[in-house]
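Undergrad: These are the residues of each chain, in order.
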Amino acid sequence: MSAASSIECCSVGVAFGRNDFAVSDLTLHVGGGEIISLIGPSGCGKTTLLRAIAGLQPMTVGRVEMNPPADTSRGQIGFVFQQPSLLPWATALENVQLPLDIIGRGQPQERRRAALDALRSVKLADAGEKRPHELSGGMQMRTSIARALVTDPSVLLLDEPFAALDDMLRGELGELLLSLWDQRRFTAVMVTHNIAESILLSRRIAVMRGGILESVLENPIPWPRDQSQMRTAEFAAFFGVVSDHLRGAVDNPGRTPDGV
Amino acid sequence: MNPLATEPTTRHGQWAAVLLVAAVSVGLWQLLAWGMDLPRALLPRPNQVWEAAIENRLALTKAFYSTGVAATAGLVWAIVIGSLVSVVFSLSRKIRFAFFPYVIFLQTVPIVAIAPLLIIWSGYELRTVIIVTVIVCLFPIINNVTAGLTAIDRQWADLFTLYGAGRGTRLSRLQIPAAVPYLVLGAKTSAGLAVIGAIVAEFFVGNGTDYDGLGTLMTKWQGFVRTDALMAAVFASTLLGVLLFGAVHLIGLTLLRRWMPADHARANP
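First to last, the protein sequences are chains A and B.
Read in order, the letters of the first sequence correspond to residues 1 to 260 in my numbering.
Read in order, the letters of the second sequence correspond to residues 1 to 269 in my numbering.
Bear in mind the hints are in silico, worked out from the structure with no lab data behind them.
This one's a predicted model, so the numbers in the text were calculated from it and none came from an experiment.
Don't take every hint at face value.
[Claimed, not checked] Simulated restraints, written as ranges between beta carbons of each label pair:
| id | chain 1 | residue 1 | chain 2 | residue 2 | range |
| --- | --- | --- | --- | --- | --- |
| 1 | B | F97 | A | E218 | 45 to 55 Å |
| 2 | A | Q82 | B | G164 | 17 to 27 Å |
| 3 | A | Q107 | B | R93 | 36 to 46 Å |
| 4 | B | L255 | A | D182 | 38 to 48 Å |
| 5 | A | P222 | B | A151 | 46 to 56 Å |
| 6 | B | F97 | A | A237 | 52 to 62 Å |
| 7 | B | P101 | A | F239 | 51 to 61 Å |
Even glycine gets a Cβ: it sits at the ideal position worked out from N, Cα and C.
Isolated chain B (complex conformation) (with noise of 0.2 Å):
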């Protein structure tokens, strides 16, 4: 038998492990800096980082909106331009060979170089980063669904077919919530990458713009080696990142409650 297996896995009991891991990370992060006394520039102990936090907190406050404004429109641009390349896919095997090699191209190409293009294109602002959360967000949209619209139980197919069903009522009815599960996957993976697109597509924007989001934040303060508010920033990021994928979860979780049992939804990654 699996030892885990008897383990309590209550959620209570489950949150109780979360916590004390960050404590004792935290813990041990307090007693190293401490105890080889590094300078604050180089390794700031955690109650240094909470300070400059709280010192910055309205500069950060903003920042933690801006970014999460654009990676949260970045994901549902994504989640939307996604969805519809999807179904133009799911029309023929043709288009999806002739498209898929770009699809993937969208994956492959390194974010970090293609980044300045789109600030030449788009400007510095809020809607290039958007842009750019999109381009990183739209890769598992699109595979996912693509794979949920086209992957259908044969008797299902069957079923459609011999009562003679059209295109339309073929992806409605049946492919289009057959699909659901795999965007709620997809959606799930892309959460976390929208607020790394974000925020590399910050770093480009930069320092000294209207726009101020956590990477412009790192960058100003990477150049003032203020490494306390550095991590500060690093820690909302992060922050934001789970939120973002919090949110996503709940909502598949609520969604996905028609489309299996609970246990199910909850158990799907």
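Isolated chain A, as found in the complex (with noise of 0.2 Å):
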């Protein structure tokens, strides 16, 4: 992988309809290779910037810069979804490898070992030849993961990846996340409105509410991250501060509530 790109949203707006902004002029750069949560109510529009920033979602008004440029058609930009997404007629190793078909990357031979690797790094080298209904909801989502980062992508986006599933599972595929970023140090935006999740997951978090930017939040935790720090006192006290924020309880001169 080349260098992780950082990311520039420079008043970035996104409109459904006639003045019907779902983001609305929202600047924030993230670092190359920075863990960044953007946190928020259902409907505040972090879904929306996301897809943005991969290019899914055409922007009325404003730009998405990266450093060094990412190009989609090459697979540097991976993307997790909400539900795991699988295609049910091709096996897990299929589904793993379909972004380097598509992007047509190598030969075949080296497009199958790049997906076992992927695999592997999930931990689910033995899932290769399962269809999507005999895997459970994590190898799913696992393999989901591996199918975002087999095509080594400089930067990932994640559309709250986890929500569907347990808490066991929930901080066993938050430490997974932890470690492959560990080793590659991708540049990942992970949308989420789980707050535990952004606090243990993330270096800084963006909350929004309203399609509106409320406030960047450095996270002080610690790294490295795993699930013991969860019961920490000082994870408590920022996990009140995030929920403060999240709430609008905190002045925020110049933006209204909207009270979501």
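Mind assembling these two chains? They're in different frames, but the hints should get you there.
TA: Okay, structure coming up:
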């Protein structure tokens, strides 16, 4: 992988219909190799912003720049969707290999090897020949993460990837994500509505409300991270801070709470 | 709790129930025809129908085969043509809007009304029977496959967009595989219609030509008031419909095993 790209969102606005802005005038810098969480109540525009960064959602105004530029058609941006979204007629291995097939990178054997490596990195080395319906929910999500990482992207975008999983799996997959990031050092933007998850996984937390970037909070929890930190007083204190920002309880001149 | 849920639903039990219904129906029929002493020309008894079937076994077998060939060929052609049309439809919304009304025309036009026309154009032969069958079978295929090709899960579509997939890749790796369960569903609907289409066409092809199908036999025996033989032909055509549907169902099950868990595939109507 080349150096992880930084992401610059410059006055991004996305409107569905006339003047119906899901995201408005949003400016955010994400450093290369940083993990940042986008947190906010449902309908606050966080998924729309993520899709705009991925190039899946046309922007009405503004622009997103990456430095060095990340070319999606060469697989330099990975995306983990809310659901595992695996193709049911393909095996886990074929699903993971799919991005390489689409961008047409390398020979079939190389693609297969890369897909196997990606499956191994999410601890699913033996599940390659299984079909999605033969995998548990957690295994499906890990396959989905392997698929997003198989192209070795410099930017990884995650849209509430663990929302459908139970707490145990959520913690386990969070730690898996941290270890993958530790090995690869991609830039990651993760949408979530789970405060604890956002604190455990990210360096900074961007709080959105009503399509507006409310605040960006520096996360004081030291690295390296693991689930045991969730029991510390520091974690609990910062949880309170994020929670206050999320509820709009913190004075923020110039912004009108929308009361979602 | 649903009381039905407690009943045994083993496969053997299912088949036993099916056979029981058949046995009771035939028994009632035999009793009715015997008890009311109806003439053979009005309502023959089951054993008389059976005797007529044995007596005409050669003609029936030959007709069963001809109609079977016509229905199967018509169904296969409908699947091929319908799938190709659906792929074209899936390319653009404009094409769909322009042509779909004419596809609905296929569904609404009374086949008995255009069968005579097709006979004039195509002749008293197998080809005409196949064409009529194709027309009857086409709509469920086009309707289902077009839906399958176009109703693509948004996250799957996003995945292909993200990596800059071209139209060909999208079609071959996403849309066509996603449409296969829909094709199976359409083919099952059409399998039942295929035999109906073939027999209707055979009524018009009529007796006294080189072509002999169940439909032509029926017209002949209707003319001779051979009610017993006519009923044998009716049962033969029903059997043909069941066989064709069963074959499509089994092929569908095998195909769909790749697409979903086996129990889902079986539940898929």
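Undergrad: Does each hint hold? Answer for all of them.
TA: Tested hints:
1. Evaluation of the 45 to 55 Å hint for F97 of chain B and E218 of chain A yields a pass: the beta carbon distance comes to about 54 Å.
2. Separation of Q82 of chain A from G164 of chain B is about 22 Å and conforms to the stated range, judged on CB atoms against 17 to 27 Å.
3. Roughly 38 Å separates the CB atoms of Q107 of chain A and R93 of chain B, a value that falls within the hinted 36 to 46 Å.
4. Between L255 of chain B and D182 of chain A the CB atoms are about 44 Å apart, so this pair conforms to the stated range of 38 to 48 Å.
5. Evaluation of the 46 to 56 Å hint for P222 of chain A and A151 of chain B yields a pass: the beta carbon distance comes to about 49 Å.
6. Taking 52 to 62 Å as the suggested C-beta distance range, the pair F97 of chain B and A237 of chain A conforms, at roughly 59 Å.
7. The given range of 51 to 61 Å is respected by P101 of chain B and F239 of chain A, whose C-beta atoms sit roughly 59 Å from each other.
Hint violations for this structure: none, all hints satisfied.
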